[in-house]
Amino acid sequence: MKSVPTTLRQLMRDRSAALGFFLVVLVVVAAILAPWISPHPEAVWDMNPANRLKPPSRTWLFGTDRMGADIFSRVLFGARITLMIALVAVGASLLIGVPIGLWAGWSEWWIGEALMRVSDVFLAVPQIVLAIAIAQTLGPSIENVILALSVTYWPWFARLVYAEVRALKRETFIEAAIALGVPPRRIVLQHVLPNVASPIIVRASIGMGFTILTAASLGFLGLGAPPPAPEWGRMISESREFLPETWWYALAPGVAIFIVVMGFNLLGDGLRDVLDPRLRRSHDR
Amino acid sequence: MPILRLRGTTAVARRLVLAGFASLALLGSLGQTATAQTRFVFANESDFDTMDPHVAFDVGRIAVRLNVYDGLMRWQSNPAKLEPWIAESYAISKDGLTYTFKLRKGVKFHDGSEVKAADFVYSLERILALGKGAASLFKTMIDPGKAKAVDDTTVEFTLTKPSAIFLAIVPEIHVVNTTLVKKNEVNNDWGAAWMSKSSAGSGAYKLTQFDPAIGFVAARNPDHFKGWGPKFIDEIEFRGVKDTNTRVLGLMKGDFNGLGGYLQADQLKRIEESGKAKVHEAESMRVMMMQFNTTRAPLNDPDVRRALNQAFDYDGFNKNILGGQVERNPTPLPNTIWGNPKDIKGYAFDIEKGKALLAKASAKIDRPLEIHFLTGFGQSEQAAQLFQNGLQKMGIQSKVIGTPWPTIVERFSKPETTPDISIYWISTYYADPHNWIGEMFHSSGAGTFKNAHHYKNPKVDALLDKAVEATDQAVRAKYYEEAVRIVVDDAPGLWIYNTKWYGPYSKNLAGVVFCPIGNGLEMRTAYYE
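As they're listed, the protein sequences go chains A and S.
Mapping of the first sequence onto this note's numbering: position 99 corresponds to residue 99, and the numbering continues sequentially without gaps.
Mapping of the second sequence onto this note's numbering: position 179 corresponds to residue 179, and the numbering continues sequentially without gaps.
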């Protein structure tokens, strides 16, 4: 695996990857600094029906919503929820999926195989459908969205790692390590894991965008963070009643979702090009 | 004529519709019709979970009762008038205890058998035995076994005590075909399982299809005893469509011909401006309110409940969010009906006053309160959010949760499952103050959707009993006024507004006769121009 500075330098040379990196940084900064950037931090939660559905202006940069709250501030604070959901869900999926994949791929024991068949079942059903079923059963809350996303996303990592490990096992350096009597645990953690790290990082970055999109869909369907949380998907869902007259209501959270998903996807693609020469497709120069 | 047109729906809805369509194809297509027939499709805010006319006494599911079933009397036109329906005439004994109804001859059930007095006796027994819907109200005035078929066309009800409202709720004794229901009984369940998805009525329309996930379809009964006008609608479909936007767009695109009347000003304006549909407007009575579950801490403390009453931005909601289409109603009784004390002010939006009340309250609020709004009713959701906001300013945490109407009604039946706070409406089920103040606060109604407060106050019970036993309106009004004062002071609920009726229909639909009881859902007289 390459060092971080090298990776970054190579990433910046690729224009679209640099854009993705920039968008992700932008959203992260916005989320962290939300209370200071927001012109009306109190108007995220505070409802004032008298200011209802005001078009964008100097006072209300992105207009106001149906309860008279400031959409700009809500979008900023929404970034926190969105990133938090995606980070925890992808993190949890990594924690579940990577060890399962490593173990199943290395041991080739029937339990591992069985787990892979379970992951096949998960992969056969669209993630959103499974997530809807889980979130609906557990009731709408941020924790349940995270749970639903983690439970349905880990198979991606498990399959990825499993396939990589199976391939690596036949490599000469691993066979040499086995022949030298290195304990399997050490082989897996010190020789196999670093070699599958690149695809994991790429998958995690793309997965962030994917997970954010799914979380927004759940929010749109009313299964996300309950009100008054400024959840982007829910904001778009609310706005439909007032379209097309109040175009700003859906525009701001819609663009926000677009930016963050786009950012993570471009970044993921760029990372793949840099980290995984075997998969290099587009930017060969 | 395709019944599920896919234009004008959101992508998600479209996918859901497709899924529904696939399952329909398996079931045999819902509402497959000959081409020349006229159809009316109504988009209801909530689902129809049952077709049984004896277990529901609400507006959400009234379309079944009005179109598929008949009663002895029926509320008609506006202002609502009680008219003989299957009854030809009726007489009340001097002591006010015995009601005798003479039936029309030749009224037939959908299977061709004649409607007889015994069927009414069975229907009332069935209501009392099932104990749902209007049963809690009937139980306060009549015991099982007190209905009698004198002969085939005479039915007699003997009350336990005189009641000023018995006649008003007689329309709820929807007559069912005794032979048919008995044939489908399982373990003496009064045919409950079967009746929840079939019908045994005599009404203007005959149930042809029912799917709880979609709705019901009914075909015209050409032999209905009331006869038909020169023009009519051959087939009616009532569908549960929980998404406001899908309903409104569907009406504007012509997929739906009528919508439930709980829309707010923005939507009504949009419909009017589209030129594709029109909004019927009529004087009516419907009070929007919150019911607090008074059996559980901290809402068992009147001071906490009074404080909560100061946390709702009444003007912000009525004037800004609803654009002034409604009028503030400070009591559970509509402003426009008799029996309401004229001088009563009610509560105002005042956070500081609320905080002071909370400080002296004995119960402490140590958990987030659950505010339930009705799924599919945008207004009730926005009221919930606004209330949550007010509570937060008062230092009270709360959760806003959407629950479908049939589900929440089921939850009301027990104090343990009743939500802390539920936001909905009490419409007109009969034009009498008892419809609101009476049923909402008499202990006999505890557990129905009218009294989801589970409110029990012997003093109020006594006043309401007297109000029903008296016959003179002036005397009754006094009892109701006193009851209103006590209840408002005790604050088991929060009362927001009283409104007119705004019913959106297709532009070319005519003959919709609005009655406050039924909200314009009786389709017998409707036709396309």
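Careful: at least some of the hints might be erroneous.
[Claimed, not checked] Under the rule of at most 30 Å between Cα atoms (straight-line distance), these lysine-lysine pairs were calculated in the DSSO-like manner:
id : chain 1 : residue 1 : chain 2 : residue 2
1  : A       : K54       : S       : K399
2  : S       : K353      : S       : K466
3  : S       : K242      : A       : K54
4  : A       : K54       : S       : K102
5  : S       : K342      : S       : K364
6  : S       : K183      : S       : K231
7  : S       : K146      : S       : K226
8  : S       : K353      : S       : K231
9  : S       : K353      : S       : K342
10 : S       : K342      : S       : K278
11 : S       : K146      : S       : K182
12 : A       : K54       : S       : K182
13 : S       : K146      : S       : K231
14 : S       : K278      : A       : K54
15 : S       : K360      : S       : K345
16 : S       : K342      : A       : K54
17 : S       : K393      : A       : K54
18 : S       : K466      : S       : K478
19 : S       : K231      : S       : K456
20 : S       : K253      : A       : K54
21 : S       : K139      : S       : K353
22 : S       : K360      : S       : K393
23 : S       : K456      : A       : K54
24 : S       : K345      : S       : K146
25 : S       : K276      : S       : K500
26 : S       : K269      : S       : K226
27 : S       : K242      : S       : K507
Quick caveat, the hints were computed from the structure, so don't treat them as lab data.
Quiz prompt | Index of numbered hints that the structure contradicts, given in increasing order | solution = Result: hints 2, 4, 5, 6, 8, 10, 12, 13, 16, 19, 21, 23, 24 and 26 break, sorted rising.
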